[in-house]
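Number of protein chains: 4
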Amino acid sequence: MKIIIEKDFEAMSETTKNILLGHMSQDKRVNLSITAGNTPVGVYKRMVDIVKDSPDYANVHYYNFDEIPVADQAEGITITDLRKLYLTPANINEANIHPLTVENYAEQDKRLAMAGGLDAMLIGLGGDGHFCGNMPTTTSFENLTYKIKVTGEEPWFVPDMMEAGLEFVTMGPVSVMRVKHLILIVNGEKKAEMVKKVLRGPVTEELPASVLQLHPNLTVILDEAAASELDK
Amino acid sequence: MKIIIEKDFEAMSETTKNILLGHMSQDKRVNLSITAGNTPVGVYKRMVDIVKDSPDYANVHYYNFDEIPVADQAEGITITDLRKLYLTPANINEANIHPLTVENYAEQDKRLAMAGGLDAMLIGLGGDGHFCGNMPTTTSFENLTYKIKVTGEEPWFVPDMMEAGLEFVTMGPVSVMRVKHLILIVNGEKKAEMVKKVLRGPVTEELPASVLQLHPNLTVILDEAAASELDK
Amino acid sequence: MKIIIEKDFEAMSETTKNILLGHMSQDKRVNLSITAGNTPVGVYKRMVDIVKDSPDYANVHYYNFDEIPVADQAEGITITDLRKLYLTPANINEANIHPLTVENYAEQDKRLAMAGGLDAMLIGLGGDGHFCGNMPTTTSFENLTYKIKVTGEEPWFVPDMMEAGLEFVTMGPVSVMRVKHLILIVNGEKKAEMVKKVLRGPVTEELPASVLQLHPNLTVILDEAAASELDK
Amino acid sequence: MKIIIEKDFEAMSETTKNILLGHMSQDKRVNLSITAGNTPVGVYKRMVDIVKDSPDYANVHYYNFDEIPVADQAEGITITDLRKLYLTPANINEANIHPLTVENYAEQDKRLAMAGGLDAMLIGLGGDGHFCGNMPTTTSFENLTYKIKVTGEEPWFVPDMMEAGLEFVTMGPVSVMRVKHLILIVNGEKKAEMVKKVLRGPVTEELPASVLQLHPNLTVILDEAAASELDK
Chain F
302 MKIIIEKDFE
312 AMSETTKNIL
322 LGHMSQDKRV
332 NLSITAGNTP
342 VGVYKRMVDI
352 VKDSPDYANV
362 HYYNFDEIPV
372 ADQAEGITIT
382 DLRKLYLTPA
392 NINEANIHPL
402 TVENYAEQDK
412 RLAMAGGLDA
422 MLIGLGGDGH
432 FCGNMPTTTS
442 FENLTYKIKV
452 TGEEPWFVPD
462 MMEAGLEFVT
472 MGPVSVMRVK
482 HLILIVNGEK
492 KAEMVKKVLR
502 GPVTEELPAS
512 VLQLHPNLTV
522 ILDEAAASEL
532 DK
Chain A
302 MKIIIEKDFE
312 AMSETTKNIL
322 LGHMSQDKRV
332 NLSITAGNTP
342 VGVYKRMVDI
352 VKDSPDYANV
362 HYYNFDEIPV
372 ADQAEGITIT
382 DLRKLYLTPA
392 NINEANIHPL
402 TVENYAEQDK
412 RLAMAGGLDA
422 MLIGLGGDGH
432 FCGNMPTTTS
442 FENLTYKIKV
452 TGEEPWFVPD
462 MMEAGLEFVT
472 MGPVSVMRVK
482 HLILIVNGEK
492 KAEMVKKVLR
502 GPVTEELPAS
512 VLQLHPNLTV
522 ILDEAAASEL
532 DK
Chain P
302 MKIIIEKDFE
312 AMSETTKNIL
322 LGHMSQDKRV
332 NLSITAGNTP
342 VGVYKRMVDI
352 VKDSPDYANV
362 HYYNFDEIPV
372 ADQAEGITIT
382 DLRKLYLTPA
392 NINEANIHPL
402 TVENYAEQDK
412 RLAMAGGLDA
422 MLIGLGGDGH
432 FCGNMPTTTS
442 FENLTYKIKV
452 TGEEPWFVPD
462 MMEAGLEFVT
472 MGPVSVMRVK
482 HLILIVNGEK
492 KAEMVKKVLR
502 GPVTEELPAS
512 VLQLHPNLTV
522 ILDEAAASEL
532 DK
Chain S
302 MKIIIEKDFE
312 AMSETTKNIL
322 LGHMSQDKRV
332 NLSITAGNTP
342 VGVYKRMVDI
352 VKDSPDYANV
362 HYYNFDEIPV
372 ADQAEGITIT
382 DLRKLYLTPA
392 NINEANIHPL
402 TVENYAEQDK
412 RLAMAGGLDA
422 MLIGLGGDGH
432 FCGNMPTTTS
442 FENLTYKIKV
452 TGEEPWFVPD
462 MMEAGLEFVT
472 MGPVSVMRVK
482 HLILIVNGEK
492 KAEMVKKVLR
502 GPVTEELPAS
512 VLQLHPNLTV
522 ILDEAAASEL
532 DK
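Those protein sequences? They're chains F, A, P and S, same order as listed.
Letter 39 of the first sequence, counting from 1, is numbered 340 in this note's numbering, and no numbers are missing.
Letter 114 of the second sequence, counting from 1, is numbered 415 in this note's numbering, and no numbers are missing.
Letter 104 of the third sequence, counting from 1, is numbered 405 in this note's numbering, and no numbers are missing.
Letter 219 of the fourth sequence, counting from 1, is numbered 520 in this note's numbering, and no numbers are missing.
No lab work stands behind these hints, which were simulated from the structure alone.
Among these hints, one or two may not hold up.
Derived SDA-like pairs: lysine to any residue, alpha-carbon spacing no greater than 25 Å straight-line [what the hints assert, rightly or not]:
no.: 1; chain 1: P; residue 1: K498; chain 2: S; residue 2: P437
no.: 2; chain 1: S; residue 1: K329; chain 2: A; residue 2: A465
no.: 3; chain 1: F; residue 1: K329; chain 2: S; residue 2: P437
no.: 4; chain 1: A; residue 1: K481; chain 2: A; residue 2: A414
no.: 5; chain 1: F; residue 1: K329; chain 2: P; residue 2: K481
Given the structure is predicted, the values throughout are model-derived calculations rather than measurements.
Let the sequences and hints guide you as you build the complete structure.
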């Protein structure tokens, strides 16, 4: 594991953008899986400026790594967010976008293998220790891409945001271990304790992201706030 | 995970030899970590015939992955066994042999990184679910190469073979995940139940080899007897 | 460049089979480009015995690297020969066979890039220094996959075998340089002089195979007869 | 080959810095070969700001790819320039600097292979079509790292800058083909014609950089001036 600590959110975003562009600038197909949410907003803003309307990155293919379907919508929460944050403003060709859905999840690992595997994946860390859609109480380390049915009893169940019976999909720990370069970004003091637990504590399914310690090529980029508990 | 099932011990050995030679025949430095014990005897016999006195494999470097020191002996049990089974009959140049010892174990992961990493590692499976020196009750998934002090209370403690207070070293789960191609060989009916448990069951420190399910490029070669419980 | 010299044709074939199986036994999609002709006959005979009806190699995809169309035949000379020697007796799934043709050649390099590139390519050496369909007088080192129109004036033109105006296709030098592991096999005294020229002499388009000296991961397997002039 | 065209020198430098940092930010030893001269000045300025006194890049090792000795000086022109532009202001640990010299050049290719190979190399383009120290009239494509003795008759001989009899060393075309990611930067209108010749013209020893068309993973970064003749 390589940990890079940056001063603040902007510096974290800048370094992360650099790492992603390093991959994207090679002369071969590059398969990238990227995260939705707030943490990568600064990364995507920088990337849009560079990638938009540029012919230089037509070799890059994009994959989401989890998905939550939305009733009456053609596409789920994750890909919708990724389109808004990055894919649409960067004007990415639709042929280079490969959505994971509740319908096609059983093919995800094979599909990635057939395309040469993921060169890089950008992920965030949940305040409860989840990564991708690998949640406490529903994660088994031996999982490839899998489907979870929400019971409503989960500690992370939020009545306003989800309904019992909801099904969502995520790439599992085995799938994520196959990514050639895994990049984890975390910012803010609120996550400092969890950063320490998952990076320095025992590997346990109760904190799914702790399994990332086993990844053979993991780069963690933190702002100083998120890193503040790390080596105490 | 890719599982190859061969008829018997000889066929398992032949296929394993092929895979190792595939790596060794490339035009670059190749770092190989190989296992002592009975399971690889047929592999090494075949390899000695090919490698002995050949200039074609001078690019291959050898590493042991665990070691148990022996009182009054310059070298430990593992490297002594590897010398007997393969390194000496194959006439491997001493400069290509890189012993792991109780003295230098803290440098093992760095030393491997500096040499470009392990291209392949050949391991066996213990009847109790151990791999390398990662034993039930003493393994933590978050370990790099580490030292274990035997208390005498371990379920795998054999009074005739070891003494309480003995210290041995092994590459840990994190170290093994970094190997570019991991090759696990198992033969015999006696291990059939354990093969099923570690390859198809939950990932748990109680059966350390279960963590191998997370390896991004694992090939398992079994004889039919070892595979007999696999998909029941 | 790594040169392995074996006693005879059978030993050359055995070592080559080992190297190919080493690649094929990994836990990922493996893209293989293989040669037609007489040199690989012993390799394919051994591979058929192992691969036939085995589920263990379903991850391997096959590509030819050149093609000569035949009037009134659906498929060209190369793929027809590969089917006869290997693909049909090994019972390879049609979905794993990706023919290069005079019709689709312009897409070959992109198609390979999209599938993650070629992991290995097995080639032979022409008595006139050609490799794949890269012939003296028609090869430019800067070529990707390209089409050649035979004029009838070429030094290698054989009136009984071809007609002026014939068009054939081949992966060019640039395409071959992208192969991750290139394996060249040559046997027989008749080619000993050419082996020396292309491996030890200047890199020149007059002997197209001389460009292989520039490949970053080339393994050459020779029988003793083919190697006999090498270091004189 | 992937060509990225940036507005000007600063944008070219920024993109190049991003690509290098992408490599350097991985969790493994990274071997980098970098160029002296004027073209990379903007790249190094940016890198110094990031790397200086940072513990995050201790995994990066540096190699020069050519060297011209200077009478009465312990070190040659290239490494002296690299120290001034980057290694000293970035405060790189001496143990991470691996000078190529006229004395040790015969070991360069083996030394690199033993360290796992070069992950990336940054090079420039000479106005006469040279790259590294591979000059017109003295380059053979089949060269590994080699020594050149200047006769004084070379078209590129500059009496004020060199003496007949001077010996210098450079990594040759074969050595450069082994670099995993090759990055070529060129700026300025003066080089526009040569950019077109070496990237779009025939591969010929008269313009040594034309051989770079054969590299399996080459990224070219140009400013608009250097790219201005490219597709005319």
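Hints and how they fare:
1. P:K498 x S:P437: Given pair P:K498, S:P437 holds - Cα atoms ~23 Å apart, limit 25 Å.
2. S:K329 x A:A465: This hinted pair is violated, its Cα atoms lying about 37 Å apart.
3. F:K329 x S:P437: 30 Å, violated
4. A:K481 x A:A414: 12 Å, holds
5. F:K329 x P:K481: Holds, because 13 Å separates the two Cα atoms, which is no more than 25 Å.
The structure is inconsistent with the numbered hints 2, 3, although it conforms to all the rest.
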